[in-house]
Every structure is written in structure tokens, then in C-alpha cells.
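As given, the protein sequences belong to chains A and B, one line each in that order.
Read in order, the letters of the first sequence are residues 1 to 180 in the numbering used here.
Read in order, the letters of the second sequence are residues 1 to 491 in the numbering used here.
Errors might be hidden in some of the hints.
Claimed, not checked - EDC-like mimics (lysine to aspartate or glutamate), calculated; alpha carbons at most 16 Å apart, straight line:
1) Lys410(B) - Asp382(B)
2) Lys169(A) - Asp4(B)
3) Lys18(B) - Glu45(A)
4) Lys157(B) - Glu132(B)
5) Lys245(B) - Glu292(B)
6) Lys22(B) - Asp46(A)
7) Lys27(A) - Asp4(A)
8) Lys11(B) - Glu150(A)
9) Lys44(B) - Asp60(A)
10) Lys216(B) - Asp98(B)
11) Lys22(B) - Asp168(A)
12) Lys18(B) - Asp29(A)
13) Lys22(B) - Glu150(A)
14) Lys10(A) - Asp60(A)
15) Lys43(B) - Asp142(A)
16) Lys243(B) - Asp213(B)
17) Lys25(A) - Asp28(B)
18) Lys41(B) - Glu292(B)
19) Lys243(B) - Asp254(B)
20) Lys18(B) - Glu150(A)
21) Lys41(B) - Glu15(A)
22) Lys27(A) - Asp50(A)
23) Lys191(B) - Asp451(B)
24) Lys169(A) - Glu7(B)
25) Lys11(B) - Glu15(A)
26) Lys18(B) - Asp168(A)
27) Lys43(B) - Asp168(A)
28) Lys22(B) - Asp4(A)
29) Lys178(B) - Asp4(A)
30) Lys18(B) - Glu24(A)
31) Lys22(B) - Glu15(A)
32) Lys8(B) - Glu15(A)
33) Lys27(A) - Asp4(B)
34) Lys486(B) - Glu292(B)
35) Lys8(B) - Asp168(A)
36) Lys27(A) - Glu26(B)
37) Lys27(A) - Glu125(B)
38) Lys184(B) - Glu150(A)
It is worth saying that the hints were derived from the structure and are not from the lab.
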Amino acid sequence: MLEDRLLVWKLKRGETGALQTIYEKYKNDLLALAIALSNDRSTAEDVVHDVFVSFAEFADRLRLRVSLRSYLLTCVANRVRNLSKTKHRQLLQLTKTETITSDEHTPAESAMSAENARRIRTALARLSYEQREVIILHLMSDMRFRAIAETQSVSIGTVQSRYRYGLDKLRTLLDSEAEE
Amino acid sequence: MKIDNIEKLIKDFCAAVKTDVKTTIERDTQIINDATTAHEKSKKKQSAEPAPNIWRIIVKHRITKFAVAAGIIIAVLVGINQFDGSIDLVKQAYGITDVPELFQAARTIHMKGRMYFPVSEPGKEQSSVEVEYWLDTQNGRWRLTYPGYSGDNEGIKIHVSENISDGQYEMHVNHTNKTVSFSKLSPFQKKLFTHKNRYTFFQLMYINFDLFDYIKVGREVIEGATFDIWEGFGKDSLRSGMKVKTWLSPTTGDFARIRTWGLREDGGMNKQMKIDLVQRDIEIPDEIFLTEAPAAYVLENTKDTATERELSNGSVGNDSVSLNCHIVFTMPDGSVIMGYSSEDRQSDQPQTMLFEDLKIGGPLPQLAAEVYAIKRIPTDEDITYRGYHLAYTQKAGKFYEWSIYIPEQKTAPEAVLGYQLVHRYNPQGREINAELSIAVAAELKIQDAQDFAVFVRGAMADLSDNGYVPEHVTYENVLDLTGKIKSSITQ
């Protein structure tokens, strides 16, 4: 946290090297979150690009109320959310109803059983975006419910409900697959 | 897949994704280059950019230049027409009662003036600050520059703020603290806030025939044009001593001036508003609605982190319970529809059970804070509106109750400013440390089925997953329901 404040301070003083250090520090976290939320690597890379360029543009005037990491993760989550809404609208216009899932295999499948990882990814994709976002932010990005609630402008109770209902639904989806 | 611990399973999956995901060198280079360029550009812009001046923008804008030129041409043509010997006997005559319709139909509205701050003693100079409102009703854009004030022993401190909507984001600028924050607007919020902002114009001008009595007191020629002078006086005790004076053109329905006053404690009058520019249907330059933070202002968040605000007309809460009144509508028959939510902060039980087996027109769900009745403001008459369940919606796991409140006695046709919510805690008899008190405004009056579809069903869709609204919630069904309940109360 202190290191981040120092980096932002250096950046505001015009040391562009600080920008690179911040990027190197958080790039993989941001990309992993964007992939987990969007289920699409190409979209995720574009999101990380746009978020970081936007951060660089406004960094000098930004007053960080949360940690730099939380700020950047929130930017990624919000941008993916905006994209998901646009995609949802497009899907509605095309009257398609199938769930958006990618056939792309992530390397996660090498760490878990490939089949299990695919099932989890498919199940996550079937959650509402709000539920998926809370679960991913909490379990992947280690964000506390209070921090998530603040960044989403909802009550902590709402965040906890989304988390609980989301996990319940995941369990049901994965259990029902097992029965089949 | 056998699930013993779903939380651990997902956490392991996330950890695996995190471990394996790596950016590529090509992307890294591109991002660093683009970010560095953006940062350098931003630095140059900040050092070179003076503070924005709205008037300079307007005067420099090509549309305004054209409008100014066109105005001169029109003036010349009107002049010629006046001297050609013809007499137009069928001139449109606008009175003060035509104003709401003219402004309801306006595509754009612009108003500029000064707001005065009250003083307690006669002879003391009233300080004032400029207010300016721009509204583009068709595209859901607005720019409202307005003051607020706080007073203590050292005197009155004035704060100036601006709310600017570009139709997608709303930017809130605090000119006192020099801070900026953004929120996203849902399509419904765009409609709702446009409606509310239009209503604000009427409030500022005291154009409300339920609250003010108007009389025509004279006529005055200002810069060659004739204006009728109308004076309005507050009808009820709350507005006793409030006065408005307007100069309204009987031929165009345009205002030349508006002045308002309020009553001082010693019986004297304080100036409240002095408006010298009111325009309808003008072309407003797009720059007025730009949501770019002024240079050197601190950003509380950015558009990237801006979220949609949950609709709210007021909320309260403590460690035990929260109560949020999301929106209130007054129906033409005087009944009131309210959407609200309440959470028990000491329980993690889902609210699903509370919303099972509810009947339309039946008892309300027993939420942690149950708004079983409302009382209207001003509370001259002690009239209670009893609550009945109408519908519920659900968004991302959160429940929203939509109740209808029906007066237990016949109500007088006086204007309603708002409603005081009357609630009880569930389970009943539960001890809560603090009393929650909430009063909500009543500016959303439903006139017909179209209003109902846009605002009531729109609000329900806004607080619902995928915009779902229960089919039975229609204008006709609700009036039918309130009619039946009123009959049963009478019997």
C-alpha cells in the first residue's frame, strides 16, 4: 500500500517509469480477472489495455480512496460489466438465448482436471453477471465484501446475498451435471 | 462432479487461472506506450487548459452564432411585417395557466438567474449566487449549476455545485471542494431525472396552481415587447408570505423576468430568486453537456469506476435494520404506490420466504422495517394511508416490495408535498436502538396510463432482473384495486 502511494506520487511528479512499474506489478492480476469475468482472452486484453491507458490519463488528478490494486480491479470489473450489458443487448436483438461460453481452453485446465475446469467455467458463465462478479472479486482478487459493496454502490447485504445465491446456484449446476 | 466445499472448489479454480494467466510481451509494450502517451498528453493539457467558461463556449459556438444572426433576420422580418399595413386580429393570448403546458412540450429549456440567501434582520445585504439550468429533454442531458448553504455563528457559507449529464453519465462537480465524481445513468434514470429536472423549473418559478393563487396586476413594455405582470401568493400555511412576480408575454408565452420572495421572521420580505433569462426550444451546444472534469479538480472516481446508482428517494439505517424508499408515485385517485426495501442487518437469512404466498391487495410482507402506512405532508389533517401489497421485484438477489397506500378517510384536494413513512419492526416487539424516520417527496404524479407505463412500470423494471415487471401491474388494474379497497373501507 505504501509502495503504491509512492509509485502514484512519483507518477504525479512526472516519473513515467512509475507507470511501467505499476503495470508490471498488477498486469497479470488484471488480466486474470478480466478473463474470468469475460470468459474471452481477446476481450480481456482489450479491457486491461483500456483500463490502464485511462488510469494513466487521469492518474495525476485521481484521489484514491481504496488501494491502487482495488481501484484497478474495480475498473476492470466495471468495464467488463459494461461490455456484458452491450453484449446482452445485442443478444436480445438477435433473439439468441444460448449462454455465451468460449471454447478456448485456459491454462487453468492444466492445474485442475481439464474436464472439471471446463465445467466450472460453464457453470460460472450461467450465473447472473452480478453474482459472477462478486464471486470472482472475492475468491480470485481477494476483495472483501465491504470493498466490493463500496465500489458497486450497493449494500454489503446485497453483495453477500449475491455471493451466497451465486455459490448455491453453482453447486446446483455442478451437482446436476454430476447426476447426468 | 462431487461437491463437498463449493467455496474451496471455486477458489482453487481461481488460483489456477491466476497462476496460469500471463500477458504477452507485444501487448505489454503496446499498453505501456499508449499509457505513457496518454499520461504525457494529460499533463500538457492540464498545464495549458484555462478554467472553462460556459458563456465563451456558447458565444463561440457556430449554432449560437447562427441563432444570433437568425434572430436579427427574424427581427427585421417582424419589423417589416408590422409596417405592411396588415392587422392580425387572431393573436394567441397566453396566460399564466398555459405555462406548464408550454414547458412540458419544450424540447430544451434554459434558465439563468441569481439565488439569494436569507438574512434574519431588515436592512442587511442579502448575498446571492448565480444559478443556471440547461435541460435537453429529448436526449436526457442536463447541466444544473446550483448553490447550497450552511449557516453558523460566523455567518452563511455558500457552496456551488454542478450536475452535468451527457445522457450516459452524470458528473457531479463540487466547486467548493474542487472535486468531481461520476455515476452511470440507466435508461430509466435518464427519463426519470429529466422529468424531475423539468419539475424543478416549475418549483423555482413557483408555477404550481395547487400551491399559489395568481392574479394579473398590470402590463409593462420591456425592450419594445409587451409583457403581462402576474403575481402569485402562497395558498397554505407553509407558503404563507411567499410571493412570485412574473413578466409573461401574452403573444409568445415567454418570460422576461421572474422574481420570488419569502417571508422573514420579523414580517419583512427576503428576496429568493431573480431570473432574467428563460428560454424554450433553443439549440444548446453539445459542449454544455460535456462530462469532462475541470482542470485541477480532484477525481473521486472516473467513468471507468462509475456505477449505476440504485433509485432512492431517501434511506435510513442503523446496525440492526435498513430502510430504503426507492420511489413514490401519487395516482390520480390519491392513492400512492411506493417501492421500498428493508434488510435485517443481524440476519443472513434470505428474504425469499417473506415474499411467498403474498396476495395482491393483501397484507404486506413482514420485512425488517415494514412500512404499513404513510401520512401526508403537510400534516394539517391526520390522515393515514394504509398499505396493501401490490407486487414485488427482485434484482440480483435483493427483494423490492411495491405497496399501494390508500387513504382511510376522504382526502381534501390540497396539494401534497410528501409523505411520512410509518413503520414497525419485524418480528414485532423487536428492540431497535434508534427510531428511523423518513419523509419522501411527492413530485411524481401519475396522470394517465401512459405515465403509468413509463414511470411506474419503468421503475419496477429498473429494480428487477432482466427488466421483468409483473403483468398484473397496469394502470387499469391498480385503479380497479384501489376502488375495491376504498369501497370495502367505506362499508
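Here is what the structure says about each hint:
1. Distance hint between Lys410(B) and Asp382(B) is fulfilled; the C-alpha atoms sit about 11 Å from each other, no more than 16 Å.
2. Distance check on the hinted pair: Lys169(A) and Asp4(B) sit about 14 Å apart at the alpha-carbon level, within 16 Å; holds.
3. With a CA separation close to 15 Å, the supplied pair Lys18(B) and Glu45(A) stays within the 16 Å bound.
4. Restraint check for Lys157(B) and Glu132(B): not satisfied, since their Cα atoms lie roughly 20 Å apart, outside the 16 Å limit.
5. With a CA separation close to 37 Å, the supplied pair Lys245(B) and Glu292(B) exceeds the 16 Å bound.
6. Between the alpha carbons of Lys22(B) and Asp46(A) the distance comes to roughly 14 Å, so the proposed pair stays at or under 16 Å and holds.
7. Between Lys27(A) and Asp4(A) the CA atoms are separated by roughly 14 Å; this keeps the pair inside 16 Å, and the hint holds.
8. With a C-alpha separation of about 22 Å, the suggested pair Lys11(B) and Glu150(A) falls outside the 16 Å cut-off, and the hint is violated.
9. Distance check on the hinted pair: Lys44(B) and Asp60(A) sit about 12 Å apart at the alpha-carbon level, within 16 Å; holds.
10. About 14 Å separates the Cα atoms of Lys216(B) and Asp98(B), which keeps this hinted pair within 16 Å; it holds.
11. For the given pair, Lys22(B) sits about 31 Å from Asp168(A) by alpha-carbon distance, which is inconsistent with the 16 Å threshold.
12. For the hint pairing Lys18(B) with Asp29(A), the CA-to-CA distance comes to about 7 Å; that is within 16 Å, so the pair holds.
13. The straight-line distance between the Cα atoms of Lys22(B) and Glu150(A) is roughly 29 Å, outside the 16 Å bound, and the hint therefore fails.
14. Of the pairs offered as hints, the one joining Lys10(A) and Asp60(A) holds, with about 10 Å between alpha carbons and a cut-off of 16 Å not exceeded.
15. Taking the CA atoms of Lys43(B) and Asp142(A), the gap is about 33 Å. The hint is violated against a cut of 16 Å.
16. The suggested pairing of Lys243(B) with Asp213(B) holds, with an alpha-carbon distance near 10 Å, which does not exceed 16 Å.
17. Distance check on the hinted pair: Lys25(A) and Asp28(B) sit about 12 Å apart at the alpha-carbon level, within 16 Å; holds.
18. Distance hint between Lys41(B) and Glu292(B) is fulfilled; the C-alpha atoms sit about 15 Å from each other, no more than 16 Å.
19. With a C-alpha separation of about 20 Å, the suggested pair Lys243(B) and Asp254(B) falls outside the 16 Å cut-off, and the hint is violated.
20. Restraint check: the Cα-Cα separation between Lys18(B) and Glu150(A) comes to about 24 Å, which exceeds 16 Å; the hinted pair is violated.
21. The hinted pair formed by Lys41(B) and Glu15(A) meets the criterion: a straight-line CA distance of about 14 Å does not exceed 16 Å.
22. Between the alpha carbons of Lys27(A) and Asp50(A) the distance comes to roughly 12 Å, so the proposed pair stays at or under 16 Å and holds.
23. Note on Lys191(B) and Asp451(B): the hinted pairing holds, with a Cα-Cα distance of about 11 Å set against a maximum of 16 Å.
24. Simply put, Lys169(A) and Glu7(B) have alpha-carbon atoms about 12 Å apart, close enough for the 16 Å limit, and the pair holds.
25. For a cut-off of 16 Å, the pair hint linking Lys11(B) to Glu15(A) is broken: about 37 Å separates their Cα positions.
26. Taken as a hint, the Lys18(B) and Asp168(A) pair is broken in the structure, with Cα atoms around 23 Å apart against an allowance of 16 Å.
27. For the hint pairing Lys43(B) with Asp168(A), the CA-to-CA distance comes to about 49 Å; that exceeds 16 Å, so the pair is violated.
28. The hinted pair formed by Lys22(B) and Asp4(A) fails the criterion: a straight-line CA distance of about 22 Å is larger than 16 Å.
29. Proximity of Lys178(B) to Asp4(A) is assessed by CA-CA distance (about 24 Å); at most 16 Å being required, the pair is judged violated.
30. Annotation: proposed proximity of Lys18(B) to Glu24(A) holds, straight-line Cα distance about 15 Å (limit 16 Å).
31. Annotation: proposed proximity of Lys22(B) to Glu15(A) is violated, straight-line Cα distance about 26 Å (limit 16 Å).
32. Note on Lys8(B) and Glu15(A): the hinted pairing is violated, with a Cα-Cα distance of about 42 Å set against a maximum of 16 Å.
33. Our distance criterion of 16 Å between C-alpha atoms is broken by Lys27(A) and Asp4(B), whose separation comes to about 33 Å.
34. Taken as a hint, the Lys486(B) and Glu292(B) pair is broken in the structure, with Cα atoms around 52 Å apart against an allowance of 16 Å.
35. Note on Lys8(B) and Asp168(A): the hinted pairing holds, with a Cα-Cα distance of about 13 Å set against a maximum of 16 Å.
36. A distance of roughly 13 Å separates the Cα atoms of Lys27(A) and Glu26(B); the hinted pair therefore holds under the 16 Å criterion.
37. Restraint check for Lys27(A) and Glu125(B): not satisfied, since their Cα atoms lie roughly 59 Å apart, outside the 16 Å limit.
38. Under the criterion of a C-alpha separation no larger than 16 Å, the hint pairing Lys184(B) with Glu150(A) is consistent with the structure, at around 15 Å.
Checked against the numbered hints above, the structure violates hints 4, 5, 8, 11, 13, 15, 19, 20, 25, 26, 27, 28, 29, 31, 32, 33, 34 and 37; every other hint is satisfied.
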